Structures are given as structure tokens and as C-alpha cells.
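Asks: Using the sequences and the hints, build the whole thing.
Going line by line, the protein sequences match chains A and B. Sequential numbering of the first sequence, starting at 1, is according to full-length UniProt numbering. Sequential numbering of the second sequence, starting at 1, is according to full-length UniProt numbering.
As a list, the in silico DSS-like pairs of lysine-lysine whose alpha-carbon atoms are at most 30 Å apart:
#1 Lys339(A) with Lys186(A)
#2 Lys431(A) with Lys27(B)
#3 Lys27(B) with Lys447(A)
#4 Lys27(B) with Lys501(A)
#5 Lys68(B) with Lys329(A)
#6 Lys360(A) with Lys42(B)
#7 Lys385(A) with Lys37(A)
#8 Lys755(A) with Lys862(A)
#9 Lys502(A) with Lys447(A)
#10 Lys529(A) with Lys447(A)
#11 Lys360(A) with Lys68(B)
#12 Lys339(A) with Lys68(B)
#13 Lys42(B) with Lys27(B)
#14 Lys77(B) with Lys360(A)
#15 Lys755(A) with Lys785(A)
#16 Lys68(B) with Lys385(A)
#17 Lys385(A) with Lys27(B)
#18 Lys329(A) with Lys42(B)
#19 Lys163(A) with Lys186(A)
#20 Lys337(A) with Lys68(B)
#21 Lys796(A) with Lys862(A)
#22 Lys502(A) with Lys27(B)
#23 Lys185(A) with Lys104(A)
#24 Lys339(A) with Lys199(A)
#25 Lys447(A) with Lys77(B)
#26 Lys502(A) with Lys514(A)
#27 Lys545(A) with Lys862(A)
Keep in mind the hints are simulated off the structure, nothing from the lab. Bear in mind that the values here come from a model prediction, so they are computed numbers and not experimental data.
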Amino acid sequence: KMSVPDYMQCAEDHQTLLVVVQPIGIVPEESFFRIYKRISAVSQVNVRDSQRVLYIRYRHHYPPENNEWGDFQTHRKVVGLITITDCASAKDWPQTFEKFHLQKEIYGSTLYDSRLFVFGLQGEIAEQPRTDVAFYPSYEECETVEKRIEDFIESLFIVLESKRLDRATDKSGDKIPLLCVPFEKKDFVGLDTDSRHYKKRCQGRMRKHVGDLCLQAGMLQDSLVHYHMAVELLRSVNDFLWLGAALEGLCSASVIYHYPGGTGGKVGSRRAQGGSLSAEAGNRHRPGAQEVLIDPGALTSNGINADTSAEIGRAKNCLSPEDIIDKYKEAISYYGKYKNAGVIELEACVKAVRVLAIQKRSMEASEFLQNAVYINLRQLSEEEKIQRYSILSELYERIGFHRKSAFFKRIAAMQCAAPSIPEPGWRACYKLLLETLPGYSLSLDPKDFSKGTHRGWAAVQMRLLHELVYASRRMGNPALCVRHLSFLLQTMLDFLSDQEKKDVTQSLESYTAKCPGTMEFITLPDGLKLPPVPFTKLPIVRSVKLLNLPTSLRPHKMKSLLGQNVSTKSPFIYSPIIAHSRGEERSKKIDFQWVQGDVCEVQLMVYNPMPFELRVENMGLLTAGVEFESLPAALSLPAESGLYPVTLVGVPQTTGQITVNGYHTSVFGVFSDCLLDNLPGVKTNGCTVEVIPALPRLQISTSLPRSAHTLQPSSGDEISTNVSVQLYNGETQQLVIKLENIGTEPLETLEVTSKIVNTKEKLYGDFLSWKLEDTLSQFPLKPGKIATFIVNIKVKLDFSCQENLLQDLSDDGISVTGLPLSSPFRQVVKPRVETKPINPQESSKVGDFSHVKTLEAILNFKYSGGPGHIEGYYRNLSLGLHVEVEPSVFFTRVSTLPATSTRQCHLLLDVFNSTEHELTISARNNEDLILHAGECQR
Amino acid sequence: VLLRVICSPPQNYPLYIRSIPTENELKFHYTVHTSLDVVDEKISAMGKALVDQRELYLGLLYPTEDYKVYGYVTNSKVKFVMVVDSSNTALRDNEIRSMFRKLHNSYTDIMCNPFYNPGDRIQSRAFDNMVNSMMVQVC
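Replies: Structure follows, in C-alpha cells:
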């Protein structure tokens with residue numbers, strides 16, 4: 001029983017002679033295969049006298065039990081043996097030679113000839129000229145190997161030719177031996193050898209055998225004739241096994257005729273290379289065939305004579321492409337009757353499939369394959385199973401059934417790591433699994449999945465990815481494992497159930513604990529590159545928005561320079577082309593600037609698609625164009641969160657155009673660089689912003705308390721600090737402003753302007769006055785240094801016409817006109833002590849006083865310095881000033897008294913001190929009058 | 001056991017998968033996935049024939065030990081695949097064919113829905129009900 005199928009076999013192998021090349025003794029494997037390669041290059045030989053071509057099939061391993069089927073199909077017969085041996089000294093020689101003979105005996109019965117190549121032996125023995133032994137000094141110096149092989153093949157040919165002629169002419173004789181396959185031998189014991197039936201059977205089998213020999217000897221035409229005759233003979237005696245073989249022989253010969261390029265495809269590079277050669281060889285058949293046609297032995301029954309052209313004969317005998325398949329089917333059905341011929345049946349199926357693949361008849365091929373799947377050989381070893389599934393996969397691939405091919409390849413892969421195997425071949429398993437990827441239309445590049453929703457056989461693909469993960473883990477390649485698992489999580493997220501999401505992330509975390517995921521390409525030994533898998537869905541980013549600096553830190557351009565800039569841009573006031581390009585520019589570029597050395601912010605809206613809390617660590621910005629120090633953030637997003645704002649910050653270290661390309665994260669121990677370009681559906685307000693040179697930063701602190709009042713920003717200015725002060729009318733107070741340079745650049749220039757808002761009131765004199773020179777003398781202000789700046793606040797308001805108050809105070813009903821209290825006459829001598837903290841009661845009291853007036857002003861500090869100053873940028877810091885003015889004294893009554901001189905009169909003023917303090921009223925040339933709180937004096 | 005799938009060209013990803021019983025579903029996924037090879041092959045073979053004359057029903061795609069796989073393809077190359085228990089002898093070719101027709105009609109209704117985006121997974125209660133009733137009827 002033949003047990004080892006040769007899955008690589010194809011129809012044209014029927015015309016080859018099988019030569020086994022084997023090492024004896026200890027031959028370095030590398031050297032052996034180098035010689036083996038050179039030997040097997042000699043696969044086609046033009047035989048000396050005739051123009052026929054001999055094809056040789058070399059094997060370095062061939063099970064002797066298969067050899068026993070050599071009579072059934074002669075291409076299974078080992079006809080040549082080449083042994084290679086390493087023999088260093090002459091004294092080893094006899095032993096070596098002995099081994100050679102032993103080796104010969106293994107295939108002894110079928111061998112036509114054999115050769116021994118001895119390497120390393122020099123001297124006397126090596127100089128003997130022998131035909132069966134060749135001596136070479138070393139594996140490098142053996143130029144004549146090919147020549148030797150050719151000679152060897154010629155000698156094989158001579159034997160073959162003699163056997164062929166022997167058998168072909170011999171058939172007219174009475175006694176034809178019955179050829180049989182190993183398992184038949186015992187069936188024929190005691191059979192009547194004289195019956196017609198038996199004779200016919202012998203004849204038929206012999207015909208078939210001669211057909212095989214003719215085919216091997218390069219006489220295609222003759223072989224067809226013999227096969228046809230054999231088919232007829234064997235059909236009449238119902239000798240099904242051999243009938244199948246004869247039919248298959250017919251198919252093989254026809255295939256060789258129809259498809260000179262071979263059906264093996266990539267199997268055996270020698271055949272692929274020899275495509276043109278064998279076509280050429282096909283032409284050479286003709287003279288060879290003619291030569292044989294004259295041979296009377298071959299002509300007897302079929303009526304072909306020398307006059308008929310070989311072409312007609314061939315067309316007649318050769319099967320058409322359709323017939324080939326029919327005959328294959330028939331042959332296989334006959335083989336199927338014999339349990340012991342399983343290997344033959346399987347191989348026939350494989351051969352037929354290869355032919356069908358060439359004919360592009362995939363459906364029929366798949367039927368053959370389906371049949372082959374069910375052919376039950378004996379219990380196969382795991383290795384054989386793998387081989388079987390692999391070849392099924394390869395054949396399905398060849399007929400264009402990629403999915404089926406992937407299916408079997410996957411099974412083969414699983415078989416590599418079957419639990420019954422003591423040392424599972426995870427590497428092989430992994431390799432095979434990778435090969436199944438195209439069949440499941442799966443690529444390992446996450447970019448292919450970023451376009452819209454994923455469409456594919458998610459269930460099957462997920463399974464495959466899980467298997468890749470497992471295989472790579474068992475291979476001991478954690479990096480690979482992490483990469484595959486990341487890929488699974490990233491691309492199949494929509495298809496994972498909540499439990500699966502948990503499981504996958506848990507295992508991912510456990511793997512990354514040992515080997516964190518990176519953004520590097522992973523290159524596999526076979527050259528496949530696995531691209532990195534950034535987790536763009538963990539979390540999902542919906543929008544990216546670059547934020548402007550806080551108002552006080554925003555840089556401004558000096559007006560003059562800006563004007564220059566605009567004018568140089570274009571001579572036209574309006575041009576549609578420019579407007580258009582500007583529009584484009586705007587879509588990418590943002591109209592504010594960042595400042596070198598200052599913390600800049602980008603706001604992302606993210607959400608977590610996972611059913612559990614997602615910890616994102618080390619989340620930072622990826623930028624280009626400017627050296628950028630990203631300050632990573634860590635965040636924890638609740639399960640299935642809604643949109644969640646995240647602010648990423650960083651400090652630009654140089655100047656120029658900065659582009660925010662994306663962000664990087666570390667989730668479950670996998671580092672990802674997510675580029676915005678690869679993210680669909682992310683809203684941005686532009687990603688490019690200009691970074692201008694560094695500017696100093698100014699911090700203001702004042703002697704006054706901060707105010708709860710916020711000033712209404714006028715003309716877009718925002719006030720960074722507000723201070724408030726309560727003053728009595730006419731009071732002057734010094735506001736000490738500490739200017740601290742908290743930046744890193746020296747503060748070089750400072751301009752202060754003030755603006756009064758809410759000026760419904762009539763204001764006398766300067767409200768705010770300062771001397772900038774004192775401050776500027778401290779400049780340039782080094783980082784960390786403090787300068788002081790003093791502002792005098794002076795309030796002089798008109799509190800007259802406060803009728804209600806006056807009426808309250810005067811009971812005589814005379815209407816009194818309150819006079820404004822102005823500094824030329826009076827001076828607040830005793831500044832009011834600040835009442836702070838203002839207790840609520842008091843403040844409400846203050847609020848009740850409708851006569852309290854407020855003054856608001858903004859102090860603008862324009863400052864600049866460092867490199868930003870050179871570029872013409874400045875910063876603007878605003879200080880809001882909120883002054884509540886209370887009236888200090890009222891003149892409740894005015895009357896005149898005649899004086900001593902008529903020229904003069906006394907002006908009597910009833911003065912009411914509405915404050916809670918003592919105050920002194922001083923008039924010109926008059927004594928001071930001290931008024932106590934709430935006192936009214938004349 | 002019955003399973004049906006609708007696949008859409010050109011990538012042949014599933015639009016709708018339904019199987020009873022639901023366990024061991026992966027196996028059916030594999031069966032159907034590999035049967036698409038045969039569908040493709042049959043379609044490409046039919047490409048030579050006149051398009052309007054061609055039969056939409058592809059017949060038995062391939063028999064496995066336990067299941068029979070049938071195929072059907074619409075003119076817009078939307079594929080329907082049905083897997084039935086091979087022990088179910090009550091199902092003749094004609095029944096299978098009429099079941100496919102019904103499926104096709106239902107599918108056409110779905111496509112008529114202006115809110116259905118061709119290529120999305122089918123999530124239609126009417127379609128579910130139709131398939132359910134068919135499955136109950138068979139099993």
C-alpha cells in the first residue's frame with residue numbers, strides 16, 4: 001500500500017524519470033544541497049542520437065514503498081540513484097563504497113543505473129577511471145558534475161529505450177508477465193493463467209506500461225497509441241484499477257501535448273523557467289515520433305503508418321481539453337473503487353485540478369478538490385495533515401477561490417499548533433495565518449480601515465486576528481502580539497461586544513506591561529512590514545481647536561509695521577484671485593498668534609466609546625514646524641462618556657509657523673501617534689498658527705484691593721485686573737502699582753494710557769496722573785524684577801443739585817443751591833482712612849446712598865521687550881479702576897450778610913459734613929474749620 | 001438549521017446575517033464566506049450569457065457533509081446565500097427558489113426606503129419578520 005502522497009505532482013510528471021539523489025555517510029547539509037541544486041538543474045536532456053528530450057525528476061527523499069508502485073505508473077519508479085559522499089582518506093574508501101551498494105539495494109529492483117560522487121578523496125583511488133564513481137577534490141571543485149549527470153541520463157535513456165523496445169516488440173510473444181501493484185499480488189495466486197481473460201488482462205496492463213515507457217522516452221505520439229489500446233483491452237476485462245491508470249496516462253500525454261508550459265505553475269522553479277524550453281522540446285517530439293512510427297512494433301494494431309503525418313495521428317489520438325477532464329473523472333472513479341489506491345486517486349485529483357486551473361474551469365476544479373478532501377487515507381501524521389491542507393489551499397488559490405484557500409490555509413495553520421503536537425510550530429502557524437489575510441480581505445494597515453465604517457466579514461476577520469494574536473504570543477514575540485491586538489481593538493471596535501472589549505483590553509494591558517506598544521514598524525523575518533496602529537478611537541476625537549492666548553498675553557503688532565505689511569501684499573485693493581487664495585489660507589491658518597516661550601493651548605473634544613473608564617496617559621500634541629515642548633496630560637474618561645473637553649498644552653520653543661498635526665496618547669500601554677489627516681470627521685478651526693518671538697510678561701499688583709466689579713470692556717479690550725477704591729469727593733489717593741516681570745525676557749518699553757469710561761459726570765481736573773519717567777528709569781526690567789509705578793487718583797465731581805438730600809437736611813424750606821466743592825477753595829486735609837474690609841452692613845448703606853457716584857477708568861500698559869520687541873510686537877495689559885466717589889461736604893444753606901464794607905459781603909454757608917470723619921475746611925485766607933462727622937456748622 | 005446572508009458587491013461584506021440556532025454561528029460565517037467563491041465563479045461564468053435572460057437563482061453552490069448551500073444573485077450583484085440542513089429533504093429546489101424570490105422582494109422594499117443607505121447593514125423590522133416567518137416555516 002502506497003501511503004505517502006506527492007501533492008506536488010502534476011500531469012507532466014508522467015513523462016519524467018525519477019532519480020533519487022541522496023547523501024551517504026556524513027555530508028554537510030549545505031554542501032549536499034548545493035550539489036543537489038546543481039544536479040537538479042539538469043532536468044531536461046536532449047538524448048544524443050535521437051532528438052527526443054528526456055525529463056528528469058529529482059528527489060532527495062523517496063519512500064521505497066512508493067517505489068513498489070513503479071510498474072503501475074513508471075514515473076513512480078526510481079530508475080536512477082545518485083549518491084553523494086564525503087570521503088577524506090583512502091582507508092575509508094572501501095567502507096564508503098560498501099554503503100553505496102547498500103543504498104542501491106533499497107531501490108535495487110527498479111534502478112537502471114546509479115552513480116556515486118565522492119568528494120574530498122584524492123590520490124590513487126581517485127585516479128582510477130570509473131563510470132559509476134566520480135571523484136572530486138572538494139565541493140567547490142566539481143565543474144564536471146553537470147556533464148557527469150548528462151552522461152548518466154544518457155545511460156538511463158539507453159536502458160529505458162531497450163526496455164521499451166523489448167516490451168513493445170515482445171508483446172506478440174505468448175507469455176506476457178502480469179504486472180501488478182503491491183496489494184494485488186496475493187489476489188492472483190492460483191488464477192488460471194491460460195484463460196483469455198487473464199491474457200487480455202496481461203496484454204492490457206503491458207500496453208499501458210509500454211505507453212508509460214514511451215511517454216518517458218519522449219515519444220508522446222506512441223504513448224497515446226498504446227494508452228488507447230490499453231484502455232480498450234482493460235475495459236473489456238473490467239480491470240478497473242489499471243483502466244484508470246491507462247486513462248490517466250492518456251490524460252497525462254494529452255496534457256503534455258496541449259500545455260507545453262506545464263500545469264505545475266510555480267511548483268518547481270525549473271519547470272517555470274523551462275517554459276520556453278519545453279515548448280521547443282514539444283516541437284522536437286515530431287521527428288522523434290516519426291522515427292518511432294517506422295518502428296514496426298508500435299504500428300501493429302492501430303493502423304498508423306508512415307505515410308500519415310504525425311500531426312493527423314496526434315490530433316486523432318490526443319484527447320481534447322474537455323475529454324481530458326472527462327477521462328480524469330472516469331479514472332478517478334475507478335481508482336475510488338480501491339481503498340488501497342487512495343494516494344493514486346488523491347494525486348489524480350490534484351493533477352486534474354492543475355489542468356482545470358489552466359483551463360480556467362474553476363467550478364469543475366472545485367468539484368475535484370471537494371472530492372479530494374473526502375479521500376480518506378490512513379491516519380495522517382500531523383505534518384502530513386498540514387501538508388495536505390496547505391496544498392488544498394494552494395490549489396484553491398490557483399482556481400481563484402481565495403476564500404476557500406484562506407479557509408484551508410487557516411486550518412493548516414491551526415494544525416501546526418495542534419495540541420497533539422509535542423512541539424507546536426507557532427512560527428509556521430503564524431506564517432500561514434498571515435498568508436490567509438488576503439483571503440479574508442484583511443490588511444494589517446489600519447489606514448485601510450479609517451475610511452468610513454468598516455465593511456467585511458467582521459466575525460471571521462476577528463477570529464483570524466485573535467488567532468494571530470495568540471500565535472504571536474506563543475511564538476514569544478510580545479511586540480507582534482501587542483501590534484495585532486491593538487489592530488484588533490482599533491479596527492474591530494464596532495463589532496466587539498462589551499465583554500469582548502473588556503477582555504481584549506485586559507489582555508492588551510497584560511501584554512503591554514511587558515512590552516509597550518510603539519509606533520515603530522515591525523518587520524517580520526519574511527520582510528512583511530506591520531505598520532503601527534494608532535488608537536484613534538480610544539478616545540475618539542471629535543474636534544480640535546487651537547486656543548488663543550489669554551487677552552493680557554496676546555501679542556499685538558505695532559501699527560506702523562502692520563500697515564507696511566498690508567501695503568506690500570498686493571498693489572490691488574481687491575482682487576478675486578487673492579481673495580480666493582486668502583480664503584483657502586484662512587481655512588488652514590488662524591488669525592492669532594502664539595508666543596514663543598508661552599504656554600499655548602489646544603482644546604480637543606473627545607469621547608470614550610468603551611463601556612468602562614478609559615485612562616489616557618501622556619496625551620500631548622504632535623506638531624511640526626516649530627520646536628514645541630508638549631506638556632502631556634493624563635485623563636480619565638468615564639464609560640461611554642459624552643463629548644468631553646480636554647486641553648492640551650505646550651510651549652513653543654522657537655518661532656515660525658507651527659502646525660498641529662495630531663496628538664499622541666498612551667492607552668492600555670500602547671503609544672499612539674494619531675495624525676489628524678488620518679482622522680475622518682474631526683472638526684478643526686485650522687491647525688497652523690504663527691509663533692512670534694518671545695515677549696516679556698508683566699504682572700500687576702496694586703496697593704488697592706481687587707474689585708468684584710468688572711468693567712464693561714470697551715472696544716474689545718479685556719481687563720485683566722480690576723481694583724476698586726472708595727474716595728470722598730476731592731480726595732486724592734496714590735495708587736501704587738507694582739509691575740513685575742514674570743516672563744523670561746527683559747521688559748524694555750512701557751507705555752501707559754488711560755481711558756475713562758462711564759463719563760456722564762463732569763470731571764474737574766486730571767482724574768489720573770502719573771509720572772512714567774520714574775518707572776522707566778528702572779527699565780529694562782530684568783525677569784523677576786519689580787518696578788513700581790505710581791498713579792495719582794484725584795476725584796473732583798459735581799455733587800450739586802442733589803435736591804433730595806438738601807431737603808432732608810434743611811427744615812426751613814428755603815431752597816438751597818449746593819455748590820460744588822472744588823479744590824481751589826477747599827482741601828481734604830485728612831484723607832479718609834480706608835474702611836476695609838467693608839462690612840456688609842456698611843456696603844449696603846453705601847449702596848443706599850444714591851448720591852454715590854462712580855468713576856471707571858482703564859489703565860493700559862503697552863509693554864514689550866526681548867526678541868518680540870525687535871519684531872515689532874507688544875503686549876497690552878489693562879488695569880480696570882473702579883472709583884466710588886462720595887460727597888464729603890454739603891452746603892446746606894447759603895445766605896449773605898452785609899459786611900463792614902459795602903464792597904464786600906459775608907457769604908454764609910451752612911456746611912454739612914456727610915462723612916463719618918472729621919474734616920477740615922479751609923478757605924482762602926481763612927482759618928480752618930474743623931467739622932466733625934455728621935456735624936453741621938456755620 | 002437555516003442561515004441566510006445578503007452580501008453586497010463589490011467587497012462582498014455581509015449586509016444581513018441570521019441563523020437559527022445562534023450558537024456556533026462562526027462556523028456558518030465560514031461556510032458562507034467560502035461559498036462566496038463559488039458565487040463569484042458562477043457569476044463570472046454567467047457574465048458571458050445575456051444579462052436579462054439569466055437566471056438569478058444560482059442553485060446549489062456546494063454540498064458539505066451537513067449542509068447545503070444555495071445562492072441567488074440579483075441583477076445589481078447583490079448576493080443571497082442560504083444554508084440549510086442537508087437532512088431537510090422537504091426542501092426542493094422550487095421551494096428554495098421561491099424563498100429567494102421572497103427575500104429579493106423584501107430586499108427591494110428595503111432599498112425603496114429613502115432612509116436606507118445602500119451598503120449599510122440591514123436593520124429593518126419588516127425584513128426580520130419576513131425572515132423569521134420563513135425560518136419558522138422551514139424548520
